[in-house]
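Trainee: So the sequences go chain by chain: Z and R.
Heads up: the first sequence is residues 1 to 167, going by my numbering.
Heads up: the second sequence is residues 168 to 443, going by my numbering.
Among the clues, some could well be false.
[What the hints assert, rightly or not] In silico contact screen, one side only, chain R against chain Z (beta carbon under 7 Å); selected entries:
#, residue
1, P172
2, R177
3, Q202
4, A206
5, N209
6, H270
7, Q272
8, S397
[Claimed, not checked] Here are the computed lysine to any residue pairs in the SDA-like style, where the Cα-Cα straight-line distance is at most 25 Å:
#, chain 1, residue 1, chain 2, residue 2
9, R, K169, Z, T13
10, R, K169, Z, L16
11, R, K169, Z, A124
12, R, K346, R, R428
13, R, K169, Z, V46
14, R, K169, Z, L123
15, R, K253, Z, T130
16, R, K169, Z, R144
17, R, K315, R, E216
18, R, K169, Z, T130
19, R, K169, Z, T22
20, R, K346, R, I232
21, R, K253, Z, T22
22, R, K169, Z, D76
23, R, K315, R, P340
24, R, K169, Z, G5
25, R, K346, R, P317
26, R, K169, Z, V39
27, R, K315, R, R355
28, R, K169, Z, G43
29, R, K253, Z, A124
30, R, K169, Z, G40
31, R, K315, R, R338
32, R, K169, Z, H45
33, R, K169, Z, R36
34, R, K253, Z, E136
35, R, K315, R, D384
36, R, K169, Z, Q6
37, R, K169, Z, Q37
[Stated by the list, open to error] Per the computed footprint, the stretches of chain R lying under chain Z, defined by three or more beta-carbons under 8 Å from a beta-carbon of chain Z, are:
#, segment
38, 212-224
39, 273-283
40, 352-364
By construction, these hints were calculated from the structure, which means they are not laboratory data.
Ideal Cβ placement from N, Cα and C applies to all residues, glycine included.
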Amino acid sequence: MQRVGQNERVPVTITLNGRQVTALATSRTLLSDFLRQAVGATGTHVGCEHGVCGCCTVMIDGVAGRSCLALAVQVDGCRIDTVEGLAGEGGALNALQRAFQANHALQCGFCTPGILMSFTDLLARNPSPTEQEVREVLGGHICRCTGYAGIVAAVLQAAAEMRGEAA
Amino acid sequence: MKPRPFDYVRADSVAEVLELLARHGEGARILAGGQSLMAMMNLRLVQPEVLIDISRIAELGEIRIVGDMLEVGATVTQARLEAWPKLEEVAPFIARAIPWVGHFQTRNRGTVCGSIAHADPSSELPLSLALLEGEVVLRSCRGERCLKAPEFQTGMLTTAREADEMITAVRFPIGVGRKGAAFREVARRHGDFAIVGIGAVVAGDGNIRLGVGGVSDRPRTITLPRADESDLQDRIERFAWELGGYDDIHASARYRRDILRRLAPRVIQEALQCNG
Ligand code: FES
Ligand code: FES
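So that you can see chain Z by itself, here it is in the shape it has in the complex:
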C-alpha cells in the first residue's frame, strides 16, 4: 500500500518520451499540471480539465488518455509519451506532423498536441484506418480553428505514407 497524505509532496518518476524524469507532486496534482508545471514539458495543453476537449491527451503506457483525468501519483513508474517526443533528430517532423502541416490541419495549434497523440495511438494499432474510424477518434477532440476536414485528410495521408504508399 502506498499512501500520499494531502499535505505531502512526493517524488514521482515517469519515463517521459524515453527519458526518466522525477519531480515532486501532491496527491491532487493532475498529470497535465505535473507535465507542464513540475517537469516543464509544456507541449501538452490544458483546456477544459474535465475530459471533454481532448487537448491534454498524452499516451500513458502506450495508450492515448486524458492527462487531466489522471493523477501524477497514479502514473508513478509509467511511460508517458507526449508531443515533444514525436519529432526525430534535430527536430525533424515525423510523418504525421508533416501531413498536418501539408493539409493545413492546424491554425493556432492549441488542440494539435492532443490530436497528434490520439492518432499516434490509433495508427500504431490500426495502420489502415477508414475515414469513419479517423472521424470517430477525432470525435474525442475539439478544434475551434480549422474545422476537421484538414485533420482527417492529414491522418489518412500520414497513414498511407507510413504504409509505404505514395501519398
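Starting from the known structure of chain Z, fit chain R with the ligands onto it as the hints suggest.
Mentor: Then chain R with the ligands, alone, in the frame of chain Z:
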C-alpha cells in the same frame, strides 16, 4: 478546475481496499479508470477525503467466464473488453453497444465497472446490464453479495452500494442477443453523453427485449411479444408515456420520448434482421 485536497492511497489488494472502506465509509471513493470520477472531482462535484486507487490490483483485472456468465473485473477497461476476441460470440449486444461508450481516448482508461458504478441514466453500460439482466458483485468486510441490475441502480447516479462496499466485478449472461442485437443512440457528438440510447435483443423465445437509457432516472426495459408486430408501435408509445422523461439543458422530456417513439422501431428491426 482542480480537485480539493485528499489523501491518496494505492491499494495492493482487495483486502486493503475493504479495510479502508470500512474505516472511511462515505468519505472514501474508489479510483479505477477515473474517467467519470476525476472529471467530477475536478468540477468539485465530488470531494472525497480519501481516494483509493485500485488500478494496480491484479486480481481485479480479469475477463473470464464463470458458469453461464461473463465476468468483468473492476479494473478492466472498456477498450480491453471491446478488443476481447470472444466478445461478439459471448455477448453480442455489448459488442454493439461498447463502441458508443465515451470516446476512444476515454475508453482506453475508463472501466466497465466504473461506468456501472457511476450509474448515469443515459450511459450505455448500465443500459447493457439492465437489458441483459446482468448482476453486480459487491464486497465488503461483512461479506459478498450479488445484486441484479434493477436492484443495483436505484435512480439517477444512485445505486444500492453501501458506503463500505466496493464493486469487484459485473456479470453478464452469456449468449443473450445471439438471435439478434442492436444498439443506437442520439447525442450531440459521437462519444458525448447520450440524450437517448436504445438497445434491443431477440430473446430465446423470439420475444424482443427493449432497453432505454436517458428517458427515465435509470435504464428501463420492456419485453415485447413478437407475435403481434401490428401493435408494436402502440406498445412503444405507451412505454414512452409511462417513462415520462426529464428536462435538462440537452433535451426536453418530450423530445426524449419522441426519440424513443421513432428510434425504437428501427433498433428492433435491426435486431430482427441480424437474426441469423
Ligand atoms: S483538458 Fe483534458 S480533456 Fe480538456
Ligand atoms: S488549431 Fe486552433 S484549436 Fe485547433
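Trainee: Sort out whether P340(R) lies within 25 Å of K315(R), counting only the CA atoms.
Mentor: Satisfied, since the Cα-Cα distance of roughly 11 Å is no more than 25 Å.
Trainee: Hey, K169(R) versus G43(Z), does the alpha-carbon distance stay inside 25 Å?
Mentor: holds (20 Å)
Trainee: Identify whether the interface hint at A206(R) stands, where standing means a beta carbon of chain Z within less than 7 Å of its own.
Mentor: Constraint on A206(R) satisfied, holds at 4 Å.
Trainee: Hint check: K169(R) vs L16(Z), CA-CA at most 25 Å. Holds or violated?
Mentor: With Cα atoms ~23 Å apart, K169(R) and L16(Z) stay inside 25 Å; holds.
Trainee: For the pair supplied as a hint, K169(R) and L123(Z), is the alpha-carbon distance within the 25 Å limit?
Mentor: violated (32 Å)
Trainee: Is K253(R) close enough to E136(Z), meaning Cα to Cα at most 25 Å?
Mentor: Holds, at about 23 Å.
Trainee: Is K253(R) within 25 Å of T130(Z), Cα to Cα?
Mentor: Holds - the C-alpha atoms of T130(Z) and K253(R) are around 23 Å apart, at most 25 Å.
Trainee: With a cut-off of 25 Å on the C-alpha distance, tell me whether K315(R) and R338(R) pass.
Mentor: Measuring from Cα to Cα gives roughly 9 Å; hence the hint holds.
Trainee: Within 25 Å, alpha carbon to alpha carbon, are K169(R) and A124(Z)?
Mentor: violated (32 Å)
Trainee: Holds or violated: K346(R) with R428(R), Cα cutoff 25 Å?
Mentor: holds (23 Å)
Trainee: Using Cβ atoms only, decide whether N209(R) comes closer than 7 Å to chain Z, and label the hint accordingly.
Mentor: holds (5 Å)
Trainee: Going straight from one Cα to the other, do K169(R) and D76(Z) come out at no more than 25 Å?
Mentor: Roughly 19 Å between the alpha carbons, so the hint for K169(R) and D76(Z) holds.
Hints 8, 11, 14, 17, 18, 21, 27 from the earlier list are contradicted by this structure; the remaining hints agree with it.
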